[in-house]
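Here are the chains, one letter per residue:
Number of protein chains: 2
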Amino acid sequence: MSVRIITISREFGSGGRMVGKMVADRLGVKFYDRELIQLVAKQSGFALDFVEETGEYSAASSLLYNLSVGGLFAQNGFAPDPLSPADRVQILQNNLIRDLADKEPCVIIGRSANYILRERTDCLHVFIHAPLAQRVQRAIEEYKIPAKDAEKYIQRKDKARAAQYRHYTDGVWGMADNYHLTLDSGVFSLERCCDVITGLAR
Amino acid sequence: MSVRIITISREFGSGGRMVGKMVADRLGVKFYDRELIQLVAKQSGFALDFVEETGEYSAASSLLYNLSVGGLFAQNGFAPDPLSPADRVQILQNNLIRDLADKEPCVIIGRSANYILRERTDCLHVFIHAPLAQRVQRAIEEYKIPAKDAEKYIQRKDKARAAQYRHYTDGVWGMADNYHLTLDSGVFSLERCCDVITGLAR
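Protein sequence lines, in the order shown, are assigned to chains G and V. Residue numbers for the first sequence follow this note's numbering, so the first one is 25 and each next one is one higher. Residue numbers for the second sequence follow this note's numbering, so the first one is 25 and each next one is one higher.
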């Protein structure tokens, strides 16, 4: 297996983003997380916050659009726009991920990139997860989520990511089958996760 | 993480059993697959074939027992035996797995050992999977399943293992969260899988 692209999907608070950054630094390749959002915002004209939110959590808004706006148009005799703004962001994002993968070796965080690039044979698709207690700890310490809200916040994020994955890929988020490698960062340190990934990518 | 026990769950035809054997040989520890079945058969008095089948595929027979035999007893005014023969094999098997883990370092294949030993902190829980096409190939070449039946055979086995896992653990078989490490043996060679596992276990 000759690896050019590494996609890292992750549970919220698992440290997957940090693992990805370490992998990119160690391999000397580009790293796309927030950088991807900025590119999509620039291309689409949508606000950065909107792209950030819809890029990973738009399943609900896309469904709502189809039910409400679509229905409204149809009632009034207009052909409804089949694409919600969230769907448009998604399509732009998918095309951008394909372009980046064509262009040069890189690490891409989240955004169902494992699914979007599933036909390529030069990708390593990774999923990082950890037990809830450890993710709560990281959410409090690193993302400054108030301790009393952290657990609910994480569960809401996970649920939204799973819904997003199901909506756009028809698959189950976090099933081992979707990835070449999954790691529990609650058991292995982030450095160790990085070692395994770079070891398999070389 | 100090690892004494390695559990290897696997999709049928993924080569997970062979990976487990290689890991056990390399680490110089005991290997339990068919050996486990023989121990359960010996302890229970049940036939080897029955133990082999029910040890991994008894969810349906356990449910059927509860519906039919249990109902029959109840209709006739007897307290139904709450345990089917399959459940009895399962309980014996679970106790045996716990005993083996107490006794000495080892590699255990399948039988929801990851779930049974989930409270221990000295285990590495691994899941090996591979794309269907490669598993079909292995089923034909190594397990001598006729080519025309191989795909259906594999799907039936996977379905039964998933049902078994759900029945006895309430979890979803193959979800990354259930394991510390999952590997796609269709992308990495069995030797490479063995390298990663022994590397993380040391």
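It is worth saying that the hints were derived from the structure and are not from the lab. Keep in mind that this is a model prediction, so the values were computed, not measured. Keep in mind that the hints are not guaranteed to be accurate.
A pair counts as met if it fits within one copy or between any two copies, since identical chains are not told apart.
[As the list claims (entries may be wrong)] In silico lysine to any residue, SDA-like type, Cα no more than 20 Å apart, as pairs:
1. K183 with M199
2. K176 with D201
3. K181 with M199
4. K54 with Y177
5. K183 with E143
6. K183 with V196
Evaluation of the provided hints:
1. K183 with M199: Both: 14 Å inside a copy, 15 Å across copies.
2. K176 with D201: Close across copies (18 Å), not inside one copy (27 Å); limit 20 Å.
3. K181 with M199: For K181 and M199, the Cα distance is within 20 Å both inside one copy (17 Å) and across copies (18 Å).
4. K54 with Y177: Neither: 30 Å inside a chain and 44 Å across chains, both beyond 20 Å.
5. K183 with E143: Close neither inside one copy (26 Å) nor across copies (26 Å); limit 20 Å.
6. K183 with V196: Cα proximity of K183 and V196: in one copy and across copies (11 Å, 16 Å).
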